[in-house]
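Asks: As they're listed, the protein sequences go chains A and B.
Each residue of the first sequence is one higher than the last, beginning at 1 in this note's numbering.
Each residue of the second sequence is one higher than the last, beginning at 164 in this note's numbering.
Note that these hints are calculated values from the structure, not bench results.
It cannot be assumed that every hint is accurate.
[Stated by the list, open to error] Simulated DEER-style distance windows between Cβ atoms:
id : chain 1 : residue 1 : chain 2 : residue 2 : range
1  : B       : 573       : A       : 24        : 52 to 58 Å
2  : B       : 434       : A       : 45        : 52 to 58 Å
3  : A       : 30        : B       : 585       : 36 to 42 Å
4  : B       : 585       : A       : 106       : 57 to 63 Å
5  : B       : 740       : A       : 24        : 39 to 45 Å
6  : B       : 896       : A       : 76        : 52 to 58 Å
7  : B       : 740       : A       : 119       : 53 to 59 Å
8  : A       : 142       : B       : 410       : 41 to 47 Å
9  : B       : 408       : A       : 108       : 41 to 47 Å
10 : B       : 435       : A       : 24        : 52 to 58 Å
11 : A       : 76        : B       : 584       : 54 to 60 Å
12 : B       : 1041      : A       : 108       : 50 to 56 Å
13 : A       : 108       : B       : 1034      : 47 to 53 Å
[Said to hold, decoys possible] Selected chain A positions facing chain B (in silico; Cβ < 10 Å):
id : residue
14 : 34
15 : 35
16 : 117
[What the hints assert, rightly or not] Here are some of the chain B residues that sit facing chain A, going by a computed Cβ distance under 8 Å:
id : residue
17 : 278
18 : 420
19 : 422
20 : 621
21 : 744
22 : 751
23 : 753
24 : 754
25 : 757
26 : 759
27 : 765
28 : 767
29 : 771
30 : 773
31 : 935
32 : 974
Ideal Cβ positions, reconstructed from N, Cα and C, are used throughout, including at glycine.
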Amino acid sequence: MQAANANGAETGPTDEYVTVYVADTLFGLAIERVHDVFVPSGVTPVPLAPSEIVGLLNLRGRVVTAVCLRRRLGLPDAVAQDDKASPKMAIGLEQTGETFALVVDGVGEVLRLGADSREAVPINLDPRWRNLATCVHRLDGRLLVILDVDALLGFSAAGAKAA
Amino acid sequence: MDDLLREFLTESGEHLDTVDAELVRFEQDPNNQTILRNIFRLVHTIKGTCGFLGLPRLEALAHAAETLMGRFRDGLPATSESVTLILSTLDRLKAILADLEATGAEPAGSDDDLISELERMASAEPEAAPAPAPELVLPEPVSRELKPGEVSLDDLEAAFLAAPGPSEADFAAPISAPVEAPKAEAPKVEAPKPAAPKAVAPKAEPAEADSAKAEPAGDAEAVVATETTAAGSKIQTIRVNVDTLEHLMTMVSELVLTRNQLLEIARRHEDSSYKVPLQRLSHVTAELQEGVMKTRMQPIGSAWQKLPRVVRDLSAELGKQIDLVMVGAETELDRQVLEVIKDPLTHMVRNSADHGLESTAGRVAAGKPARGTIRLAAYHEGGTITIEIADDGKGLDLAAIRKKAVERGLASQSDVERMTDAQVAKFIFDAGFSTAAAVTSVSGRGVGMDVVKTNIETIGGIIDIATTAGRGTTFTIKIPLTLAIVAALIVRAGEHRFALPQVAVLELVRVDAGAQRVERINGSPVLRLRERLLPIVSLTGLLGQSDGQGDETEQAGFVVVAQVGRERFGILVDEVFHTEEIVVKPMSAKLRHIPMFAGNTILGDGAVVLIVDPNGVARQVAQGIQGSNSHADADAESEAADVGDAKTTLLVFKGGQGSFKAVPLSLVTRLEEIECDKVEWLGGRPLIQYRGRLMPLVPADPAITIRSEGTQALVVFSDGERAMGLVVDEIVDIVEERLDIEIAADRSDLIGSAVLRGRATDIINIAHFLPLAYDDWARGPKKAEQVSTLLLVDDSAFFRDMLSPVLKAAGYQVITAASAEAALTVLQSDARIEVVVTDLEMPGRSGFDLVAAMRSAEPRLARLPVIGLTGTVGADVVERARSLAISDLVAKFDRSGLIAALAEISATNVSQAA
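Input sequences plus hints: build the corresponding full structure.
Replies: Here it is, written out as structure tokens:
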């Protein structure tokens, strides 16, 4: 894809993304899929669950399933210090009537991005990442990986086992 | 779709269901004008509304049906044939309605077939109508039944003329009037039984005819009268969308949670100023909850509505005479529960009719009334509803079930013999289990009962069978009143709290290192509870949280004694808090596969806890999967289990000079302790009479002498009809361990030795002992004419060593290979190999890979028969095996199964060669 009109980004359709970071990578989630941003607390782990699922938590009277983005991406867990009273954040997502909490290391700003900075997912990416990403945006000084929410939540018990 | 249409659909659906049931009643009681009038009115309503809404197809059909029913009203006898026709018309109406609901428009299509048939029947003269079709559902002699229709023609006509035509607004009023009259009249002419005079009453005796008519009508009227009062009170009801109710329910659930949270706070604070209002809030919430729950309640009769029709159709199809008795139709239960049990109930009634009840001839021969009865009963019992489905048929054929269970490998012969009848009966709930000799269109395919059980268990219900040969079978289903809110025990296991539904909990027992302590048999914890041994599972172990070393935590804690079905077990937890009414929330779709949890809930303090599913726990208990094993089973992170390292269960005994010996438990048929004076000597060989046969005894070691006093321990092995008793000094233990065999000494009676529980133990070679007992055992039951060569592929040295002697004993030349690669090399170089026996689960290239490689290789290998050895026979394995043309799948330890499979292959080879 060519950035034909690098500076004239005001024109053309733009999409808004909520940015989150995990490890050193910045990820974007389509804003219309994001229902909440909150600090997860009181997570009840579910024994025997797929490893991606860190547990269940109470979000204003609703039980939501917390999914760890790190584990989903095949990254190691964050170091032990921020395991318990963690400053972690969670993004409330909805899929087929169920609410999920995507646990991330932190939440950044909301970005409005046009097609001009968009790139296809590089083919040399880890297949696991490639399946979860829709595209990559070139930002100043860093890259933003846009995640496909449905693919993110579209894992099954069997899939987790295979992975 | 507009509201009007939606309303019409719901209403018509209900009307049609009623008509279904009423028609069946009418057929049995053709003189009952009230039923007929009711049917007529309902069909008329449907027809009218269809016309109004512009649904020509429905209208035409309903009109034709109404015409025929009008003829009934005019005195045309209601024959089985005509009722069947109307019933199929109703089915068509329902089909059209279903389409209408799905698409919002009447589907295209023609109903000329039904309409012309209906018209033909309606135009038939009453005199010409006496269709000789036998009346299946009638209690009295069949041939006479046609007459009352003719006889009462005048009366009927008169009654109809007297009664105002069916009109929607005021149907309730006119009905009550005729009720009075016949009722008053009936006792006067009580003497003749209703059916007998019916048959003979000529026109000349109007008085008697009257009484005949009055009697049955009186009964039915009473029922209808109550129905009409119910109908009358319908003015007080409104239709509410189910979603609205569900939403209301959710909101009340939230309210209950919030109240619980408030109560929790109040418990911590001494400030009493808000205690009183809080108390009121609590009461109001409880009442509100109860009220909302009530709106979800429906009488179970609505799930039964279809059944009379189902039974009628079945009775015609199967040629059996069946009565359906329904008791307690007004018993109310949660709509959600009702939905779940609807289909299982129908299925079970069908089953009872098809399998349970004998044929009419069979019943008469057995000295039972010709008409079979299926009895449905529902009643409240504590917080549960009990539903019974009973038939007075032949009862379950337990012998056939036992046989089938062994055939299907669900249990071993010895297991089956030990089981109680009730346990055996439960095999019918296994998937694919059917003892029906013939598969009928109704049932017998072996699908269904497992689904029934699963459905009932998903809602926390239990199902039991009681059966008496020749007397019938009764299924008892116990289900909770509601699923939404349950009382649960909050417990702690490890670091987390869990909720255990109270329905499954019998009692709590505190255990510590003192008097009430958990003991272990081979590592499996058990508890002595009032002179009974209770198997214990630890919740932490079950959930894979302990590191297998839960000894310290198991010293003290609580055992929750639970019962699921007939299974009683204890769940060991660390702490028990209190009971709480919890709102069950379903598990996320991502977590629903974990059998251990029934859902989750939010406690008063806002924490989410998981609800343990006692059914899931019971299954785990039964499978004996504990701690590390279940962990390996379910934990996604655990590495693929190395099948080669699979654990083997071994029986350890003392044999000769205090040495320890072991044999795979799966080869053992039974353990016996015999009185020494029972041992007889015949031709210098020891024998005992065992189960009506002579069984030779063989010492497990030359050093063992058979005792002359006291008791003697035996390990019994059997193969088909023959059995052998291995004489041992003492049976020590059963251990499950990974076998690491060091190949033995040059002794043919040993395979080798291994370290079990820290003791050096000899693993004995059973193949050595069998020929000692029977000279011909070694030759095998069906010895092949020429010696065939087979290739045995197994990664585990233990299995190779175990099976080779057995196969050699059966008359095969055995070549072994330790991996798929080695096997392929051998196969390519050795043309003598005629059969391949391979383990399907091997590290690296599996048995399947091996077979796949063979099938795509040169023709000789591609055609070679293969027998697969497998630990688990799942549908997927079977499917894969079939696609690779694997001749047979045999369970890993099933020695006789393997020999039989080999014999079968040799037989086909010979016949092909011939």
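Asks: Work down the list of hints and note, for each, if the structure agrees.
Replies: Structure-based check of each hint:
| no. | hint | verdict |
| --- | --- | --- |
| 1 | B:573 <-> A:24: 52 to 58 Å | holds, 56 Å |
| 2 | B:434 <-> A:45: 52 to 58 Å | violated, 35 Å |
| 3 | A:30 <-> B:585: 36 to 42 Å | violated, 58 Å |
| 4 | B:585 <-> A:106: 57 to 63 Å | holds, 60 Å |
| 5 | B:740 <-> A:24: 39 to 45 Å | holds, 44 Å |
| 6 | B:896 <-> A:76: 52 to 58 Å | violated, 43 Å |
| 7 | B:740 <-> A:119: 53 to 59 Å | holds, 55 Å |
| 8 | A:142 <-> B:410: 41 to 47 Å | holds, 45 Å |
| 9 | B:408 <-> A:108: 41 to 47 Å | holds, 43 Å |
| 10 | B:435 <-> A:24: 52 to 58 Å | holds, 55 Å |
| 11 | A:76 <-> B:584: 54 to 60 Å | holds, 57 Å |
| 12 | B:1041 <-> A:108: 50 to 56 Å | holds, 53 Å |
| 13 | A:108 <-> B:1034: 47 to 53 Å | holds, 51 Å |
| 14 | 34 | violated, 19 Å |
| 15 | 35 | violated, 16 Å |
| 16 | 117 | violated, 34 Å |
| 17 | 278 | violated, 45 Å |
| 18 | 420 | holds, 6 Å |
| 19 | 422 | violated, 12 Å |
| 20 | 621 | violated, 18 Å |
| 21 | 744 | violated, 16 Å |
| 22 | 751 | holds, 4 Å |
| 23 | 753 | holds, 6 Å |
| 24 | 754 | holds, 5 Å |
| 25 | 757 | holds, 5 Å |
| 26 | 759 | holds, 6 Å |
| 27 | 765 | holds, 5 Å |
| 28 | 767 | violated, 12 Å |
| 29 | 771 | holds, 4 Å |
| 30 | 773 | holds, 6 Å |
| 31 | 935 | violated, 48 Å |
| 32 | 974 | violated, 44 Å |
In this structure, the hints that do not hold are numbers 2, 3, 6, 14, 15, 16, 17, 19, 20, 21, 28, 31, 32, in rising order.
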